[in-house]
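Colleague: Sequence:
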Amino acid sequence: MKRLVYATAATAALALVAGCGGPGGDAGAGQEGKEIVIGVLADLTGATADVGKPYNEGVLAYVDKINTAGGVKGSKIKALSEDYAYRVPTAEEKYKRFVSEQAVAIQGWGTGDSEALRTKVKDDQLPFMSASYAEVLTDPTQSPYNFVVAPTYSDQMRVALDYIAAQDPAAQVAVFHNDSPFGTAPLADGEKWLKDKGYRLGFKAYPMKTGATDQIGLLQQAKAQGAKYIVIQNVSSPAAVVARDIAAQQLDMRIICLNWCADELFVKTAAAAAEGHVMVQPFAPPSAGKPGLQEVRQYCQSKGIDLDAKGLHFVQGWYTMQVMVKGIEKVLNDGTELTGPNLRTALETMPAVDTGGVTGPIKFSAQSHRGSTASGIYRVTGGKLTEVSAAVVPKT
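Mapping of the sequence shown onto the numbering used here: position 87 corresponds to residue 390, and the numbering continues sequentially without gaps.
Read the hints as simulated data drawn from the structure, not as lab findings.
As the structure is a computational prediction, the values presented were derived from the model and not from experiment.
Glycine included, C-beta positions come from ideal geometry on N, C-alpha and C.
Mixed in with the good hints there might be a few duds.
Listed next, with one range per pair, are the computed distances between beta-carbon atoms [said to hold, decoys possible]:
1) 552 x 492: 43 to 51 Å
2) 337 x 482: 40 to 48 Å
3) 405 x 694: 37 to 45 Å
Only pairs whose alpha carbons sit at most 20 Å apart, straight line, appear in this in silico EDC-like list of lysine to aspartate or glutamate [unchecked claim]:
4) 666 x 637
5) 507 x 442
6) 629 x 338
7) 698 x 438
8) 507 x 482
9) 423 x 395
10) 500 x 471
11) 356 x 404
12) 629 x 640
13) 687 x 611
14) 498 x 465
15) 698 x 465
16) 698 x 494
17) 500 x 438
18) 356 x 609
19) 495 x 465
20) 425 x 651
21) 495 x 442
22) 425 x 396
23) 495 x 471
24) 507 x 492
25) 698 x 499
26) 498 x 471
27) 425 x 404
28) 571 x 598
29) 666 x 651
30) 512 x 548
31) 495 x 438
32) 425 x 442
Turn these sequences into a full structure, and let the hints guide you.
Modeller: Shown next as structure tokens:
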């Protein structure tokens, strides 16, 4: 797909400018007036495009909002947004373009590409944030230039297992997962958590076939296991298929969706079959009314965008970009040159980012690039995501 370069004011709701900035002031090390180049990998047409598109729009919307206000200390961001269609080799090709255009940081997307690129971003010293929350990306000794703004998939799995154990200490748990590094990321940590906490829960993983029109075969295997809970580590559309099949087969099973299916699209697609299922979601949906959602809603209203229709993944992209911009602001406020190493140091040392309740506070350190461990727990009630508990962390 042809690359899109967002560098000026947005001309349409879905063709948003990428730019970033903040309050004016003295620029760091001669940066004032220069463009700040950030590479943006997006899945707009691939296997995860249903959630990838609104996330990318949220990233670019935040950049547009800041650019419109004058940029970061007088410098606007030139965001190079590329559709890599969820193909790792394509992501690697796009990444080379970002490097050649002197990007100082990267906004990525999936687990496969984030893990494939982590050695490259280490060598090139380019801070990298993405929508992948694989635990390996939080360890600076293994991934020194990767930063994870939300609870890892493993932390989300821990929260889900804690929740299930509190409901039924001896329940059988089936984990339906995308057959990819994204899907398998929390499996080993989930099994370890059961042992570490002494839980008596059963735990068995089932890879989901991409593009399947039903999941009856997997559900029959889960039924044979005796599973009462189905934890899903996949995106919304296949998860909704599972919900509809559970309802059609009249199975006594409860779904626990992790981040990428814990959303409005799952509720809309599964329709009545979504009712009662549980969501572990680090980002508050637009309907939650958290204070930090107000600025997102105001921006969307100014652009004629329906935030409720875009959903929580738009918010997710918005706040991921905001965290990166906070790091850029710190570099320039410190009067240092905007380089990858300096941005890494800024991210590790800057104060916690308060998202107004959209997430827990996001704070990195030189010892850990795990920004947050707190997720919300929601239940689908009356066709909406209803908060059950806020800021839930894995039990200590």
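Colleague: Hints first: check each against the structure and report whether it holds.
Modeller: Comparing the hints with the structure gives:
| no. | hint | result |
| --- | --- | --- |
| 1 | 552 x 492: 43 to 51 Å | 30 Å, violated |
| 2 | 337 x 482: 40 to 48 Å | 44 Å, holds |
| 3 | 405 x 694: 37 to 45 Å | 39 Å, holds |
| 4 | 666 x 637 | 19 Å, holds |
| 5 | 507 x 442 | 27 Å, violated |
| 6 | 629 x 338 | 16 Å, holds |
| 7 | 698 x 438 | 17 Å, holds |
| 8 | 507 x 482 | 14 Å, holds |
| 9 | 423 x 395 | 9 Å, holds |
| 10 | 500 x 471 | 15 Å, holds |
| 11 | 356 x 404 | 24 Å, violated |
| 12 | 629 x 640 | 15 Å, holds |
| 13 | 687 x 611 | 11 Å, holds |
| 14 | 498 x 465 | 12 Å, holds |
| 15 | 698 x 465 | 7 Å, holds |
| 16 | 698 x 494 | 15 Å, holds |
| 17 | 500 x 438 | 19 Å, holds |
| 18 | 356 x 609 | 15 Å, holds |
| 19 | 495 x 465 | 13 Å, holds |
| 20 | 425 x 651 | 15 Å, holds |
| 21 | 495 x 442 | 18 Å, holds |
| 22 | 425 x 396 | 17 Å, holds |
| 23 | 495 x 471 | 19 Å, holds |
| 24 | 507 x 492 | 13 Å, holds |
| 25 | 698 x 499 | 11 Å, holds |
| 26 | 498 x 471 | 16 Å, holds |
| 27 | 425 x 404 | 18 Å, holds |
| 28 | 571 x 598 | 25 Å, violated |
| 29 | 666 x 651 | 8 Å, holds |
| 30 | 512 x 548 | 15 Å, holds |
| 31 | 495 x 438 | 14 Å, holds |
| 32 | 425 x 442 | 12 Å, holds |
In summary, the numbered hints that this structure violates are 1, 5, 11 and 28.
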